[in-house]
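Residue numbers (my numbering), protein chains in the order written: chain D, 1 to 146; chain Y, 1 to 79.
If you are wondering where the hints come from, they were derived from the structure by calculation, not from laboratory data. Remember, predicted model here, so these are calculated numbers, not experimental data. Yeah, the Cβ is synthetic: ideal placement off N, Cα and C, and Gly gets one too. Please note that a few of the clues may not be correct.
As the list claims (entries may be wrong) - Going by beta-carbon spacing under 10 angstroms, a handful of chain Y positions derived as facing chain D:
#	residue
1	F6
2	G7
3	A22
4	G30
5	A34
6	Y40
7	P41
8	L43
9	G44
10	E60
11	P74
12	V76
13	S77
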Amino acid sequence: MERKKKNVFIQGAIPPEFIAESIAKHQSKHSIGAHNIFLGQIRADNKEGKVVSAIEYTTYQGMADQKLYEIREEAFEKFDLSCMHIYHSLGRVGVGEICFFVFVSSPHRKGVYQATEHIVNRIKAEVPIFGKEIFEDQTHQWKVNS
Amino acid sequence: MQVLLFGITREITSQDVLDIPASENLKDVGQLKAYLKQKYPGLGRLSSLAVAVNSAYANEDVQITCSDELALIPPVSGG
Chain D
1 MERKKKNVFI QGAIPPEFIA ESIAKHQSKH SIGAHNIFLG QIRADNKEGK
51 VVSAIEYTTY QGMADQKLYE IREEAFEKFD LSCMHIYHSL GRVGVGEICF
101 FVFVSSPHRK GVYQATEHIV NRIKAEVPIF GKEIFEDQTH QWKVNS
Chain Y
1 MQVLLFGITR EITSQDVLDI PASENLKDVG QLKAYLKQKY PGLGRLSSLA
51 VAVNSAYANE DVQITCSDEL ALIPPVSGG
C-alpha cells in the first residue's frame, strides 16, 4: 500500500495540547496496544559563555518531504507498526519548547522502541533541516547534529 | 545552472540561489563542489557539504545538467 506524503512541518513550537490531541485521536483504533513517543525540546546550551535562547529552523522542503517519506516507508516495512506520525517545527522555537514529535503505535510494545529510535536517528542524520542557535545576545551559530 | 542554498551556505555566499554560467562546463557533482569551494572558501571549511540532485543526496560521480534541481546541503541539524 502506497502511503501519501504527510505534512510534517509546523510553524513555531509544537504545543503540548497538540501532542495530547494526537494521543486522543488514537483511542478509536482498537488494534493498537502500545504507543511510543519521542519529543525533542530546545536546550539552553552554554557555548563558550553564551547561552542559547532559541533555535530558528529552516528546511529544503521538497527534499525533506521526500526523505521523510522514504524513512516512513522503510520503518513500516521493517517494524510491525499500526501508525506513525512525525512533526517538526519551522521558524523560531524558544528554550524549553518542543520542536520535534515522533509518535509510533503498534499492536505490541516490542517494535515501538526500536522503531522510534530508528526513525529519530535517521531524521537527525539525513533530513535537510537546519537549526540556527540564537544566543541571548542575539548573535547566532549554526547547529551541527552529532 | 542554478544551485539552491540553505542554512549557513546562504550566509557564506550572501545569496539564496547561485547562478553558475554554462561556460564553467561543470559535468558532475565533484566538479560542482570543487568549483564552489574554490569560489567560496568558507564552504570548504564546513564539517560536511553534500550536494542534492533532484532531492536526493548525490555522490561525486553523478552527472548534472541545467535541467536538474541542484542544492547544497550543509550539516543538518533537525530534531
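When the least beta-carbon distance from Y:G30 to chain D is tested against 10 angstroms, hint result | Check failed: Cβ of Y:G30 comes no nearer than 20 angstroms to chain D, outside 10 angstroms.
Have a go at the Y:S77 hint: is there a Cβ in chain D nearer than 10 angstroms to its own Cβ?
-> holds (4 angstroms)
Is the interface hint for Y:L43 satisfied, with its Cβ closer than 10 angstroms to some Cβ of chain D?
-> violated (13 angstroms)
Could you check if Y:P41 really has its C-beta closer than 10 angstroms to a C-beta on chain D?
-> violated (17 angstroms)
Minimum beta-carbon distance criterion (10 angstroms), Y:G44 to chain D | violated (16 angstroms)
Under 10 angstroms, Cβ to Cβ, is where Y:A34 needs to be relative to chain D, so tell me if that hint holds or is violated.
-> violated (22 angstroms)
Cut-off 10 angstroms, beta-carbon criterion: hint that Y:Y40 touches chain D | Violated - the Cβ of Y:Y40 stays beyond 10 angstroms from chain D, reaching only about 15 angstroms at its closest.
Restraint outcome when Y:G7 is required to lie within 10 angstroms of chain D by C-beta distance = holds (3 angstroms)
Please verify that hint: Y:P74, Cβ, nearest Cβ of chain D, below 10 angstroms or not.
-> holds (7 angstroms)
Agreement of hint Y:V76 with chain D interface, Cβ distance less than 10 angstroms | holds (6 angstroms)
If you take the shortest Cβ to Cβ gap from Y:A22 to chain D, is it below 10 angstroms?
-> violated (24 angstroms)
Hint check: is the beta carbon of Y:F6 less than 10 angstroms from a beta carbon of chain D?
-> This interface hint holds because 5 angstroms falls under the 10 angstroms limit.
Violation of the numbered hints given earlier is confined to hints 3, 4, 5, 6, 7, 8, 9 and 10; the remaining hints are satisfied by the structure.
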